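S.K.: Numbering follows the numbering used here, with no gaps: position 34 of the sequence shown is 71.
These aren't lab readings, by the way, just hints derived from the structure by calculation.
Any given hint might turn out to be false.
[Stated by the list, open to error] For lysine to any residue, the following SDA-like pairs were computed, each having C-alpha atoms within a straight-line distance of at most 20 Å:
| hint | residue 1 | residue 2 |
| --- | --- | --- |
| 1 | K307 | V93 |
| 2 | K122 | R99 |
| 3 | K163 | L342 |
| 4 | K307 | E218 |
| 5 | K122 | V93 |
| 6 | K173 | G129 |
| 7 | K302 | A82 |
| 8 | K302 | L95 |
| 9 | K315 | G355 |
| 10 | K203 | W118 |
| 11 | K302 | A59 |
| 12 | K163 | S364 |
| 13 | K302 | L235 |
| 14 | K179 | R158 |
| 15 | K307 | N241 |
| 16 | K315 | K203 |
| 17 | K315 | A226 |
| 18 | K302 | Y56 |
[Stated by the list, open to error] Here are the simulated distance ranges between beta carbons:
| hint | residue 1 | residue 2 | range |
| --- | --- | --- | --- |
| 19 | P107 | P281 | 21 to 31 Å |
| 20 | P225 | L381 | 18 to 28 Å |
| 21 | K203 | A233 | 51 to 61 Å |
Keep in mind it's a predicted model, so treat the numbers as computed, not measured.
Positions of the beta carbon are idealized from the N, C-alpha and C atoms, including for glycine.
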Amino acid sequence: MSNFERRSVVFFTLVLTHYRVAFHRALRAHLAARGVCYDLVYSPATGPEAQKADVVDLEWARCQPAWSMPFVPALRYQSLWHWRKAGLVIVGQENRNLTAYAAILGARLFGYRVAYFGHGRNFQAKNPNSLAERWKRFWATKVDWWFTYTNGCADLIAGYGFPRAKITVFNNAIDLSQIAEERAALDPAKIIALRARLCHGSENVAVFVGGLYAQKRLSFLIHALDLLRWDIPDLQVLFIGAGPEAHIIQEAAETRDWLHALGPKFGAEKTLYVSLGKVWLMPGLVGLGVLDSFAYETPMVTTQLPYHSPEIDYLQDGVNGVIVRDSDNPQAYADAVHRVLSDLQYRDTLIQGAASPATNIPSRTCPAALPKVF
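Build the full structure now, drawing on both the sequences and the hints.
M.R.: This is how it looks when you write it as structure tokens:
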């Protein structure tokens with residue numbers, strides 16, 4: 038019996054984030070239409086993952102506890118035994134994910150295929166030649182297939198010696214149709230009322246949407262906003278998100294009545310708040326949020342950093358967003374945000390660039406490549 042005749046795929050992820058739900062639903066529906074069973078296995082979030090408040094449950098997926106090593110709690114394992122007869126096992130490429138190693142080693146015994154899902158390396162690693170990164174490279178070539186985020190990631194993985202023909206680039210994206218629907222359903226009266234209540238009627242509103250942790254450079258951002266406020270006295274800033282450094286924003290808001298710590302928001306409520314903004318603040322690590330900024334027609338301003346996630350490839354400086362080259366200069370960042378807020382023509386150019394077919398990011402998913410994997 039061939040692997041494809043086993044007609045089942047199982048995807049293991051340590052946590053299930055809200056922005057991945059649409060991806061898994063679409064993948065499940067695509068495979069079901071072809072007679073293939075799709076299972077998703079995830080575990081409850083712990084520690085910093087739980088603090089981000091962006092994890093969810095999914096009714097048809099299986100939530101099972103992940104075992105932690107007694108002396109190294111970061112190492113986690115999800116049991117594979119129930120899915121040992123699957124045709125394809127997809128696992129995230131994380132050093133701490135012991136499930137990946139078990140899947141690779143178990144493939145010879147049980148006959149299933151194994152695919153990695155990930156970047157190819159840790160883009161936030163300070164030393165690309167560290168033991169952790171060399172360990173990641175070693176295992177990168179031990180699977181049957183790769184599903185990776187961008188062409189840059191694919192080139193990286195192929196550089197390890199993995200066959201390029203067995204790498205699927207799905208242009209890591211999220212389902213933005215919900216945002217479009219929510220924006221279309223917005224009640225102008227509610228926007229006006231919220232702007233009056235929260236922002237004192239100001240049109241100069243900036244938004245930060247994302248996790249609140251060190252790599253987002255929150256202290257740098259507060260410094261830049263203090264400088265910007267001198268030039269734009271009616272500036273209002275909304276922070277939407279949660280995380281281990283939420284206290285930085287909360288403490289800053291206590292002495293700045295123009296800075297609003299709103300906590301995590303989702304769905305239509307998030308869309309209502311973001312609709313107040315004219316610029317998207319992200320001086321630190323850029324990930325999938327760049328696509329949100331496109332969908333909300335709120336240009337992102339970031340800085341040039343070595344540890345951005347692969348999705349930074351989607352942002353083109355001066356075309357659909359802004360990348361400040363002098364990354365440690367808060368005045369340079371403040372000036373870039375000022376231009377987006379004050380120069381209507383420039384802002385419209387960035388919005389049009391994000392909507393242009395030439396820069397639009399296709400959302401390819403895994404299904405088309407699955408028969409090749411089997």
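S.K.: Take the hints in turn and mark each one as holding or not.
M.R.: Results for each hint:
For the given pair, K307 sits about 16 Å from V93 by alpha-carbon distance, which is consistent with the 20 Å threshold. Distance hint between K122 and R99 is fulfilled; the C-alpha atoms sit about 17 Å from each other, no more than 20 Å. Straight-line distance between C-alpha atoms of K163 and L342 comes to about 11 Å, which keeps the hinted pair within the 20 Å bound. Between K307 and E218 the CA atoms are separated by roughly 13 Å; this keeps the pair inside 20 Å, and the hint holds.
For the hint linking K122 to V93, the alpha-carbon distance of about 28 Å lies beyond 20 Å, and the restraint is violated. Pair hint K173 plus G129 holds up; C-alpha atoms about 12 Å apart against a cutoff of 20 Å. With a CA separation close to 18 Å, the supplied pair K302 and A82 stays within the 20 Å bound. With a C-alpha separation of about 19 Å, the suggested pairing of K302 with L95 holds against the 20 Å cut-off.
For the proposed pair K315 and G355, the alpha carbon gap of about 16 Å is at most 20 Å, so the pair holds. The hinted pair formed by K203 and W118 fails the criterion: a straight-line CA distance of about 26 Å is larger than 20 Å. As the CA atoms of K302 and A59 are separated by approximately 17 Å, the hinted pair is consistent with the 20 Å bound. For the proposed pair K163 and S364, the alpha carbon gap of about 17 Å is at most 20 Å, so the pair holds.
Proposed proximity of K302 and L235 is supported: the alpha carbons are some 15 Å apart, at most 20 Å. For the hint linking K179 to R158, the alpha-carbon distance of about 15 Å falls within 20 Å, and the restraint holds. Distance restraint check for K307 and N241: the Cα-Cα separation of roughly 18 Å lies within the 20 Å cut-off, and the hinted pair is therefore satisfied. Between the alpha carbons of K315 and K203 the distance comes to roughly 42 Å, so the proposed pair goes past 20 Å and is violated.
A C-alpha spacing of about 18 Å is found between K315 and A226, which places the hinted pair at or below 20 Å, so the restraint holds. Between K302 and Y56, the direct Cα distance comes to roughly 13 Å. Compliance with the 20 Å bound is thereby established for this hinted pair. P107 and P281 have their C-beta atoms about 24 Å apart, which keeps the hinted 21 to 31 Å range intact. With their beta carbons about 20 Å apart, P225 and L381 fall inside the hinted range of 18 to 28 Å.
Checked against the given bound of 51 to 61 Å, the beta carbons of K203 and A233, roughly 56 Å apart, stay inside it.
Taken one by one, the earlier hints fail for this structure at numbers 5, 10, 16, listed in ascending order.
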